[in-house]
Amino acid sequence: MRAGLAALLLGLVQAASGPVMADDRRSGFEFMSRQTQALQRDDDLNPAMLWVRGGEIAWSQREGRADKSCADCHGMAAASMRGVAARHPAFDTASGQVLTLAGRINACRVRQQQAGPLAPESEPLLSLTALVALASRGLPVAPPDDARLAPLRAQGQRLFGQRMGQLDLSCAQCHDTLAGRRLGGSTIPQAHPTGYPLYRLEWQGLGSLQRRLRGCFSGVRAEVPPFDHADLVALELHLMQRAAGLPMEAPAVRP
Amino acid sequence: MAVRALVRLPPTVRRGEVFEVRAMLAHPMETGYRRDSDGRMLARDIVRRLEVRLAGEPVFAADLHPAIAANPFVAFLLRAQAGGPLVLRWTGDQGFDHTETVMLVVE
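Each protein sequence line maps, in turn, to chains A and B.
Quick note: the first sequence, position 65, residue 65 per our numbering, numbers continuous.
Quick note: the second sequence, position 47, residue 1047 per our numbering, numbers continuous.
In case anyone wonders, no lab produced these hints; they're calculated from the structure.
Please note that the accuracy of each hint is not assured.
If you only want the chain A side, here are some residues facing chain B, beta carbon under 8 Å, derived [said to hold, decoys possible]:
hint	residue
1	44
2	45
3	188
This one's a predicted model, so the numbers in the text were calculated from it and none came from an experiment.
Glycine included, each C-beta is placed from N, C-alpha and C at the ideal position.
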């Protein structure tokens, strides 16, 4: 039954890659209170814009042995990075790996700037990621149709439906079947990662999708994978495929 | 990373017109009531005060307290007869002191 549902969902997602969608997918934005929605709607109120500001500063700062800034090659992020966040994670031919957006920024840092990689979830990396993600705001999520992504994407889909942890719960049990209902005081969203990196009121700061996923692993009392673990990248790939076509809203605000 | 603050004003205001200033500051606002994962108390680290001056004259001030969330946002209304540099200065624990200057244009 569950496998049937998953197949049906996958079918929906694939059908949804066309221009018009009549489906029930909703961004987490629509599950939030009006007050939190107001925070995200107005960039003057959205605290994530503090990280975007930090990203703008970092974008034009020369780094590494190459003494180059992001701006030296890419110019204005708002123009050159348009659509980039919407198509990540993507396959990186040079390293033969699947890279998330943050991973891609770090790869560029190491190869082009010849600087050390930024620590996962560190403020400079989140800031740059927020700046790049902002350039895709409003564009549809566009996961690449790349056969080299298929194995990891399939792994992500399998993980999404796999029960885990002491609570013996899978992602799908909450986010597919119980979305819109409540878990304690919070409304369960459909888990579409359209707004990452985002400002979570609970974190009082900006965080990546991997931080959110790790929170869910710990929530069901499963072993939490480290940042950039293949399982997290696989889940990210699957979730972006599942959200294909939904508008990007990064950097978003969530409760 | 450098201290980050965002201050928004209308691009121009008319003489005597009421307008809104919005200011947001990146700051952890650590309350001093929490413990870290090893059980040690985290030292209080909050912004205590925001003072705003227009062309040198104080026009707005606010005291901040531990119950205020991280990255404090303050919005207030002003009325000005003449433009000039609007200077916002946040001061707080552990020697925190940050000043942001924006130009107010009055037509």
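Hint by hint, here is what the structure shows:
no.	hint	verdict
1	44	5 Å, holds
2	45	7 Å, holds
3	188	24 Å, violated
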